[in-house]
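Protein chains in written order, with our numbering: chain A, 1 to 633; chain B, 1 to 633.
Don't read these hints as lab results, they were simulated from the structure.
The list treats identical chains as one, so a pair stands whether inside a single copy or across any two.
Under the rule of at most 35 Å between Cα atoms (straight-line distance), these lysine-lysine pairs were calculated in the DSBU-like manner:
# : residue 1 : residue 2
1 : Lys273    : Lys257
2 : Lys611    : Lys150
3 : Lys257    : Lys621
4 : Lys150    : Lys273
5 : Lys273    : Lys621
6 : Lys618    : Lys42
7 : Lys273    : Lys531
8 : Lys43     : Lys273
9 : Lys621    : Lys133
Protein chains: 2
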Amino acid sequence: MAESWSGLDTSEPDFRPLVVIELAKGTKKETVEWFTERIVDKKSNGGAQLLIKPLVTENGDETIYLVGASHLRLLLGAETVGLVKECNDSSMRTFTYSSRKTFKDFADDNHNFLTVAECQYIIKHELENLRAKDEKMIPGYPQAKLYPGKSIVRRLLTSGVLVQIFPLHDREELKKLRYTWYGRVRVGYQPLDEIRCYFGETIALYFGFLEYFTFALVPMAVIGIPYYVFAWEDYDKYVMFATFNLLWSTAILEVWKRICAVMTYHWGTLLMKRQFEEPRPGFHGALGINPVTGREEPVYSSIKRQLRIYLVSLPFVCLCLYFSLYVMMIYFGLEEWALDYHQENDSHFSSMMLFVPSIIYAVVIEVMNRIYRYAAEFLTSWENHRLESSYQNHLILKVLVFNFLNCFASLFYIAFVLFDMKLLRQSLATLLITSQILNQFAESLLPYWLQKRQKKKMKQRMCTLKTDTDLPLVEQVNLEREMGTYSGTFDDYLELFLQFGYVSLFSCVYPLAAVFAVLNNITEIYSDALKMCRVYKRPFAEPTANIGVWQLAFETMSVISVVTNCILIGMSPQVNALFPDSKTDLILTVALVEHLLLAIKFIMAFVIPDKPRDIQIKLAKLEFESLEALKQQ
Amino acid sequence: MAESWSGLDTSEPDFRPLVVIELAKGTKKETVEWFTERIVDKKSNGGAQLLIKPLVTENGDETIYLVGASHLRLLLGAETVGLVKECNDSSMRTFTYSSRKTFKDFADDNHNFLTVAECQYIIKHELENLRAKDEKMIPGYPQAKLYPGKSIVRRLLTSGVLVQIFPLHDREELKKLRYTWYGRVRVGYQPLDEIRCYFGETIALYFGFLEYFTFALVPMAVIGIPYYVFAWEDYDKYVMFATFNLLWSTAILEVWKRICAVMTYHWGTLLMKRQFEEPRPGFHGALGINPVTGREEPVYSSIKRQLRIYLVSLPFVCLCLYFSLYVMMIYFGLEEWALDYHQENDSHFSSMMLFVPSIIYAVVIEVMNRIYRYAAEFLTSWENHRLESSYQNHLILKVLVFNFLNCFASLFYIAFVLFDMKLLRQSLATLLITSQILNQFAESLLPYWLQKRQKKKMKQRMCTLKTDTDLPLVEQVNLEREMGTYSGTFDDYLELFLQFGYVSLFSCVYPLAAVFAVLNNITEIYSDALKMCRVYKRPFAEPTANIGVWQLAFETMSVISVVTNCILIGMSPQVNALFPDSKTDLILTVALVEHLLLAIKFIMAFVIPDKPRDIQIKLAKLEFESLEALKQQ
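Isolated chain A (complex conformation) (with noise of 0.2 Å):
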């Protein structure tokens, strides 16, 4: 299949296959022509300019095309994405192929330059830009409509055609970042900068947070250790713990801040200029012209949108959360019939029972949460937003808000309203205990184990054929395409966000929870790297410069903690008896320590710079620079 071979780089002697293209069985002969063609043609032609070659599989057919790139295309398409790269001077600059030889490690027989993840990255990112030209519809599919700068591949997999696009594994690299993340038993960090090579930005973003998390949350385990061993139960301790947990989390916070800018830098995405955002592949609308590139593109009218967000959508999560809240009150009664039951007979089992309550409405909120999920997504869809941003935001804010209710609203009622301290501690063990159980089951666990049976089933397979050209590719992307999709580190960081909810909202009542917390996350980190390296298929690399939302959600939780710790504090009978007169005068007292320490918090905040000095001044120093470079002009 030499024509495949085509473009300006045919001579390339090595053609590294980096990202596979999966089209639909039976795609029409003239489609696959027209899109590989597009995809080699020249960039002044208005194609991506890259290489291009079918896989032949078992039986025959050539539905599968792995895709790469010469070195010199891929070093333009590094400077097209912007791409920040450090420099000789150990400073980082965006890279731009005329000031190539400035930066570190770039030579022109250096493949290694550009880490796989980014070669990965750029290429998905030309594909993603193929546009059409004067193409009025896919040649060969009439239904699917184009028109002048639409990007192909966005129609193609809207329309079916294409099934899927993925970047390959590479088993060398993948071998070693095993083994150094957590092939050998050591305690140590993470390697987060082999990760951010092999994975990209946001996963080892991610790791990054978990890891430091993790490490944050020690000094509140391991000062809640005697809490539970000694059971002090003193008015000043109590207040000690809570107020150090308080600042503490506030701290962590501010501090993460800084190290994730910190890291950010010196992989270049700190300063990486954000492009100018496509629509998101689910948006539809009328042809219009888009205000702000002046293309021809799907507009939709944003009062619409915000119809639909504020008389549908807010109505519905309302509902839902009524809905949450009743199923909670029905887990209530069960758990007063228990409790009735308990009293009556008095045995192991009945003493079992206790438990049962809770376990049923921990499975069951992990449920609800799950069904619910699935409509969230429906309805951000419907509320066609145009940027994938924008409509990650509104669904991580209806999944936020239902998973808080349904996490939290048992233990609030527990504690607020039944004023139950001992079932409110034995309710947050279960819950915290049955979530993290169930979580690293289903989200690691269970799907490592299905894998692993389709990848023997599929051994075997493989084996009764006899194909003699390049078996291990083949089979390589055989078993990658079958993988499951990682979904992103949504679920990952919600995980850790109604942890820290766990560990943070009622930290005075059951001090162990910092101690579970941490005991899962040193799991979690071996659980979660185990699913992005034997589980998923390897998912494209997205730049990021921080967490995004979920920094507000942290914070935001740790306001609400302040809140709920106060409160606690002033229910404890250590704290009543020191007011043994006037109730009125605690209530005060609480208030005003509870105002006292939301001003420390917000002042913590302001205080703190977000990045460090010295990256302050390397970023006002590149700021200068390029002032200077405009005098100069």
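For chain A, the structure is supplied; the task is to place chain B on it using the hints.
Coordinates of chain B only, in the frame set by chain A:
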């Protein structure tokens, strides 16, 4: 003095004097020659390439120089400072000389393309950027050291050779502006665009904010009047008024951001790139290398500064706050004494005496504020901040905290310690009205009267002299250089900030406060306009995109006012009557309502976008264009 017209532009037919430089009497001749030589020298020789002309005054001294520039020089300067102007397609773009033809109203012979304020800003910028080459000191002043890159004008100012630099008023324009601004009796908006053209963005934005704020207070004033007239003191009306006030104050602050964005977009400052900030004039330190610019300049350890702030300034401020509270307690002693006196001998005189302590206290805090102000300026200057902006922020913070305590501590004490609502209302009224009258007097009328008197004196002196060379200009310069210097918008914003406190902190006790605020602000606009046009020297224009730290200060005040209003409502007898059995329930309800209101505030602030949609689109369009341009390169 034809030799003083030099440089490339000696052929310039009409020298328009824009900026006045006043040197100290008896400045050595070699210094003057060197300085003027540097000003007219070519850019390529490190000069400023401006025009300069000495002004012969009555006694023949040559201490005053007029600076101007050719039209071409000003256009090139506009490019250097990064001015943003409107294009023919009504978008806003950074001005460059090469693209000058695309800008609206540009013509090679149109000398009004740049406003006079812009020209003066450019000249100021060029003068301040006149840097030492290899001079080791100012010629004639061996003690005034120079080093390569040091701003010559700043060193001349600190060594006292240069007395002042100020822009000249434009009598014709000023007359027109005065007429449209406050010259005729009319109801309507201020001519903000004209103010901006004459005084620059910072001052125009202050007047814009003052106007907006006055309009925004009108609904509160209108709703407040019936409360006073009909003495409505029902629970529900109270709560309604306070709730309306709280949400309204959040809304107006959010909406202001949007209005501000629209204004500064059309003025070009929203898009203007922040220039690299030079050290402020008073900054000193050992000579070192600036890590950002790589230039030699004084450096001062950030740790030393932090130590000065936290070990000296912070304790000093706390001490002052304590002293202020002490004075407050004396005031309450006096108040009690006056009340006793009134009860003993009930007469007209004794009832008048009831107001005396409040008035004395109002005067005392006004005096204390002014003394503290000097101390704060001294301390902040001693902290040795490198940047003017950082100096300003620290100064504003110090002054704000003290002023807040001084103005409101007594009211807090009366409200939440004495629980005396009648006294609170009375004190609030006295404080508000006294401070407004004092301010209007001290700020505008007194200086205006002083200045008028001086002008008369000056005119008499002028008439006795018989000089014939361009007398009007000589007279104008002499008049203006004796005028006071406008010290910036600080005091004006502070006044508004405190007024906002009076209006919002205790709004439900004294709904009439908003009425007084509106009345005060209407006269404030006129007296401030008078002050700007007639009392002070013309200030240099200062481009700005927002009201900076004041936005934060107003927002903080509106958060505090949620707390105070909730407590006040909770304390009112009407609300207390609703919870006859349990004071605890009352307090809990109030706390709940307070937290809900605070949550609503934060959600509102989060949901309302800071920039209107059309401005967002315009900004996105510019960003998109610059990204596209980068790609095309």
